[in-house]
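Could you build all of it, start to finish, from the sequences and the hints given here?
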Amino acid sequence: DSGVTQTPKHLITATGQRVTLRCSPRSGDLSVYWYQQSLDQGLQFLIQYYNGEERAKGNILERFSAQQFPDLHSELNLSSLELGDSALYFCASSGQVGNSPLHFGNGTRLTVT
Amino acid sequence: GESVGLHLPTLSVQEGDNSIINCAYSNSASDYFIWYKQESGKGPQFIIDIRSNMDKRQGQRVTVLLNKTVKHLSLQIAATQPGDSAVYFCAETPDSSYKLIFGSGTRLLVRP
Chain P
14 DSGVTQTPKH LITATGQRVT LRCSPRSGDL SVYWYQQSLD QGLQFLIQYY NGEERAKGNI
74 LERFSAQQFP DLHSELNLSS LELGDSALYF CASSGQVGNS PLHFGNGTRL TVT
Chain D
13 GESVGLHLPT LSVQEGDNSI INCAYSNSAS DYFIWYKQES GKGPQFIIDI RSNMDKRQGQ
73 RVTVLLNKTV KHLSLQIAAT QPGDSAVYFC AETPDSSYKL IFGSGTRLLV RP
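Top line first, the protein sequences correspond to chains P and D.
For any residue, its number in the working numbering is found by taking its place in the first sequence, counting from 1, and adding 13.
For any residue, its number in the working numbering is found by taking its place in the second sequence, counting from 1, and adding 12.
Heads up, none of these hints are tricks.
Facing chain P, from chain D, some residues (calculated, C-beta under 8 Å): (1) Y44; (2) K54; (3) F101; (4) T105; (5) S109; (6) K111; (7) F114; (8) G115; (9) S116.
None of these hints come from the bench; they were simulated from the model.
Beta carbons are placed, not taken as given, at the ideal position from N, Cα and C, and that holds for glycine.
As structure tokens, this is what we get:
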């Protein structure tokens with residue numbers, strides 16, 4: 014168990030809808046990262062937050078947004094959903110300043126129909 | 013650009029043999045590298061990491077080798093077991109944000 018909790022585990026929704034994915038990082042970790050993994054693909058970095066502030070941005074669509082709250086949990090909002098948004102969405106956290114392993118949750122599987 | 017790639021998408025080995033999974037990275041500024049294991053239905057699990065000031069690091073049954081001259085990273089698994097069957101990803105940190113950029117993964121299949 015990595016200590017990173019993601020909810021929900023599965024989400025099925027229709028095109029055009031909006032969903033919110035939630036992540037609770039490991040206790041004490043200040044950094045939260047979001048990744049997208051499409052079928053049989055690698056993990057694509059979306060966005061990173063550190064102690065409530067956006068730290069780095071990857072290939073995140075304008076339809077997607079995220080935030081990190083004062084209690085350090087994070088939410089990833091996906092709107093105007095398209096079929097191609099179907100994927101696994103992973104959250105990871107780290108606590109140290111500097112290079113250190115990211116600890117991943119078990120992901121949210123999003124299916125857009 | 014920021015990209016990490018893998019030479020072999022699928023590797024099949026006999027149980028008990030050693031496995032070698034390779035990875036090429038493109039960003040010469042990267043100074044930290046990690047190997048992750050991902051089992052079906054789970055998130056990536058940290059295996060071993062290495063910093064750019066090292067060329068070899070050993071863990072329990074695993075060794076990571078880093079060749080900065082040719083920008084190549086490898087993961088060696090000794091005495092491969094059925095439980096090692098998974099997809100393995102290499103990842104690098106190309107800048108000071110410490111985000112990880114992942115390769116496309118190699119599937120390791122262990123034959124009994």
